[in-house]
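Q: Chains as they are written, first to last, in the working numbering: chain A, 1 to 201; chain B, 202 to 391.
In case anyone wonders, no lab produced these hints; they're calculated from the structure. Treat the hints with care, as some may be off.
[To be verified] If you want the footprint, here are the derived chain B segments under chain A, 3+ residues with CB under 8 Å: (1) 219 to 230; (2) 250 to 261; (3) 380 to 388.
[What the hints assert, rightly or not] Quick list of the computed label-pair ranges, beta carbon to beta carbon: (4) Leu161(A) <-> Asn326(B): 35 to 43 Å; (5) Met1(A) <-> Ser296(B): 33 to 41 Å; (6) Leu20(A) <-> Ser296(B): 32 to 40 Å; (7) His293(B) <-> Leu57(A): 32 to 40 Å; (8) Met199(A) <-> Ile263(B): 55 to 63 Å; (9) Trp4(A) <-> Asn203(B): 36 to 44 Å; (10) Asn326(B) <-> Arg195(A): 43 to 51 Å; (11) Ala194(A) <-> Leu390(B): 38 to 46 Å; (12) Leu379(B) <-> Lys5(A): 22 to 30 Å.
[Stated by the list, open to error] Simulated pairs of lysine to any residue, SDA-like, Cα-Cα distance not exceeding 20 Å: (13) Lys197(A) <-> Val391(B); (14) Lys365(B) <-> Met191(A); (15) Lys365(B) <-> Pro69(A).
Even glycine gets a Cβ: it sits at the ideal position worked out from N, Cα and C.
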Amino acid sequence: MVLWKDFVRGLWAENPTFRLNIGLCPVLAVTTSAINGLSMGAATVFVLICSTALISLIKGIIPDKVRIPAYIIVISTFTTIVDLVMHAYLPDLHSVLGIFIPLIVVNCIVLGRAEAFAAKNSVIRSAFDGLGMGLGFTWALTLLGSIRELLGSGTLFGLALIPEGATTLGIMSLPPGAFITLGILMAVMNMVSARQKKMAS
Amino acid sequence: MNLFTILLSALLVNNFVLVRFLGICPFMGVSKDVDSAIGMGLATTFVMVVTAAATWLIQWFILEPAGLPFLQTLAFILVIASMVQLVEMFLHKTSPSLYRAMGIFLPLITTNCAILGFAIMGVQNSYSFIETVIFGLGAGLGFTLALMLMASIREDLRFADIPKPLRGVGIAFILAGLLSLAFGGFAGLV
Chain A
1 MVLWKDFVRG
11 LWAENPTFRL
21 NIGLCPVLAV
31 TTSAINGLSM
41 GAATVFVLIC
51 STALISLIKG
61 IIPDKVRIPA
71 YIIVISTFTT
81 IVDLVMHAYL
91 PDLHSVLGIF
101 IPLIVVNCIV
111 LGRAEAFAAK
121 NSVIRSAFDG
131 LGMGLGFTWA
141 LTLLGSIREL
151 LGSGTLFGLA
161 LIPEGATTLG
171 IMSLPPGAFI
181 TLGILMAVMN
191 MVSARQKKMA
201 S
Chain B
202 MNLFTILLSA
212 LLVNNFVLVR
222 FLGICPFMGV
232 SKDVDSAIGM
242 GLATTFVMVV
252 TAAATWLIQW
262 FILEPAGLPF
272 LQTLAFILVI
282 ASMVQLVEMF
292 LHKTSPSLYR
302 AMGIFLPLIT
312 TNCAILGFAI
322 MGVQNSYSFI
332 ETVIFGLGAG
342 LGFTLALMLM
352 ASIREDLRFA
362 DIPKPLRGVG
372 IAFILAGLLS
382 LAFGGFAGLV
């Protein structure tokens with residue numbers, strides 16, 4: 001039951017993107033298509049689960065004063081693993097996501113969960129917390145990517161949904177489209193959660 | 202590539218915040234008033250220039266000759282963290298008033314992805330030492346410019362009647378979108 005709670009928290013109540021507004025750089029940068037958003041999310045999930053679990057495992061032996069540098073070393077180790085594996089097996093994807101793969105190191109979600117959760121809880125709970133947060137981040141990226149891909153180029157996960165020749169909003173694939181779509185999505189999420197609160201009371 | 206082109210490109214055409222999406226967290230967090238925006242921007246620029254020099258030396262004199270380029274991410278983030286610490290100590294000793302003014306922003310700079318991002322980009326473009334430093338300067342000033350523009354607009358918006366769900370980050374992102382649209386006009390300048 002506790003594990004389930006640790007898991008679902010990241011999906012909605014404390015969603016890193018829409019509720020906590022952290023780790024926003026990759027959310028904006030790589031969401032030109034749904035598949036890019038999904039793969040960036042998957043890479044982050046891997047780093048999140050592995051680093052929160054490992055940090056929770058070694059929390060007893062890290063001196064308190066150097067804990068942040070120690071966490072950063074753990075996180076950058078897993079990030080380098082993802083970077084090298086993607087480079088070897090998925091070179092196309094690696095070149096699209098580019099600089100944002102090594103930048104998972106400075107994604108505030110990972111360090112934030114390490115400091116706020118993994119440093120105080122058991123390995124298994126930390127892993128579930130990491131999984132929940134990572135999937136919360138992934139669905140946000142995939143949603144934004146789908147909207148931008150659909151409006152910007154008329155496809156979804158590469159499948160053409162809008163008939164050829166129809167006008168698409170090219171701006172959605174460009175940087176301004178990312179900012180404006182995320183702004184509107186944030187407003188929608190605020191409306192949904194305001195309604196939820198009203199229903200609950 | 203000549204130095205002026207690199208500077209102008211990092212500053213306007215490929216603005217780090219509005220076009221490359223690096224450093225969004227401080228851009229949203231510290232853009233509520235103009236004074237703190239300038240403080241944060243200049244502190245970041247300073248760290249970027251110092252980091253540019255340090256990471257260039259590490260990449261080409263330690264990592265490459267030793268055949269360890271896969272340690273790049275790890276090495277750079279440690280360099281950035283220690284540079285921020287160094288700048289903090291230096292300011293504390295030499296200019297306590299400036300230190301107090303920037304105080305809270307300094308430790309935050311470590312997690313600004315614009316810094317690690319530009320350091321890695323500098324290596325990918327195989328810039329020379331001087332080019333890397335100028336690239337860092339341009340990136341830092343571009344970050345400062347975006348932050349200042351955003352802060353001045355948000356100050357004016359304080360009393361505007363914004364629909365409730367959009368208040369806070371929602372409207373800030375739409376503003377950033379419009380700013381980014383305006384910066385799109387610089388494309389083709391270089």
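Q: Kindly indicate which numbered hints from before are broken by the structure, ordering the numbers from low to high.
A: 2, 5, 9, 12, 13, 15
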